[in-house]
Amino acid sequence: MPHIPSGARVLDVGCGRSAAFLRTIAPRIDYGVGVDFKVKEMQLENIQTVQLKLAHKLPFADAGFDVVTMLAVLEHIEHEKPILQEIYRVLKPDGKLVLTVPSVWAQPVLEFLSYRLKIVDEAEIRDHKRYYNRTKLQQVLVKETGFRNFKHHYFQLGMNNFCTVVK
Numbered sequence: 039m040p041h042i043p044s045g046a047r048v049l050d051v052g053c054g055r056s057a058a059f060l061r062t063i064a065p066r067i068d069y070g071v072g073v074d075f076k077v078k079e080m081q082l083e084n085i086q087t088v089q090l091k092l093a094h095k096l097p098f099a100d101a102g103f104d105v106v107t108m109l110a111v112l113e114h115i116e117h118e119k120p121i122l123q124e125i126y127r128v129l130k131p132d133g134k135l136v137l138t139v140p141s142v143w144a145q146p147v148l149e150f151l152s153y154r155l156k157i158v159d160e161a162e163i164r165d166h167k168r169y170y171n172r173t174k175l176q177q178v179l180v181k182e183t184g185f186r187n188f189k190h191h192y193f194q195l196g197m198n199n200f201c202t203v204v205k
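In terms of this note's numbering, the sequence shown is residues 39 to 205.
Any given hint could turn out to be false.
To be verified - Keeping only pairs whose Cα atoms sit at most 30 Å apart, straight-line, the calculated DSS-like set for lysine-lysine is: (1) K130 - K119; (2) K174 - K119; (3) K95 - K76; (4) K76 - K174; (5) K95 - K156; (6) K167 - K181; (7) K189 - K95; (8) K167 - K95; (9) K189 - K91; (10) K167 - K76; (11) K76 - K156; (12) K76 - K130; (13) K95 - K174; (14) K78 - K130; (15) K95 - K78; (16) K119 - K167; (17) K174 - K189.
FYI, nobody ran anything at the bench for these hints, they're computed from the structure. Since this is a predicted model, take the numbers as computed values, not measurements.
Work out the full structure: start from the sequences and follow the hints.
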């Protein structure tokens with residue numbers, strides 16, 4: 039992943055049960071931590087996981103990470119601002135947040151696939167608190183949280199947003 043420099047200290051917020059993304063990038067990073075309410079706690083050579091609810095303060099020192107990833111997670115969090123402020127706090131100066139969230143165009147598609155065709159987990163879709171477009175992401179990340187260097191593009195036929203911002 040070009041947004042994660044070799045030797046980086048990475049925090050994956052909402053890493054899932056197995057911290058699969060961190061385990062994938064483990065050979066090229068210095069250290070990685072995954073946090074999620076359902077993660078199996080594990081300690082690998084350079085990867086650690088911590089089970090916690092994301093509504094709480096992150097248990098890390100200020101400015102401890104080069105990169106924070108949050109992949110398909112923010113849309114599940116009731117109050118987005120506190121976790122984004124925590125991410126800002128734990129990032130080093132010039133550290134990067136790499137974020138994906140579903141776009142506003144994904145909502146009717148996901149709901150149809152879930153509620154009508156039953157091929158997407160209903161609980162997962164019901165748990166989406168919001169969907170995003172470029173403007174909303176820029177508002178919450180730059181204007182409300184203080185990040186800069188907002189870069190954005192849609193992927194998967196416009197169904198998802200990918201963006202990076204810098205502290």
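Going through the hints against the structure:
| no. | hint | in the structure |
| --- | --- | --- |
| 1 | K130 - K119 | holds (19 Å) |
| 2 | K174 - K119 | holds (13 Å) |
| 3 | K95 - K76 | holds (17 Å) |
| 4 | K76 - K174 | holds (28 Å) |
| 5 | K95 - K156 | violated (36 Å) |
| 6 | K167 - K181 | holds (21 Å) |
| 7 | K189 - K95 | holds (27 Å) |
| 8 | K167 - K95 | holds (20 Å) |
| 9 | K189 - K91 | holds (28 Å) |
| 10 | K167 - K76 | holds (19 Å) |
| 11 | K76 - K156 | holds (24 Å) |
| 12 | K76 - K130 | holds (27 Å) |
| 13 | K95 - K174 | holds (24 Å) |
| 14 | K78 - K130 | holds (27 Å) |
| 15 | K95 - K78 | holds (20 Å) |
| 16 | K119 - K167 | holds (13 Å) |
| 17 | K174 - K189 | holds (13 Å) |
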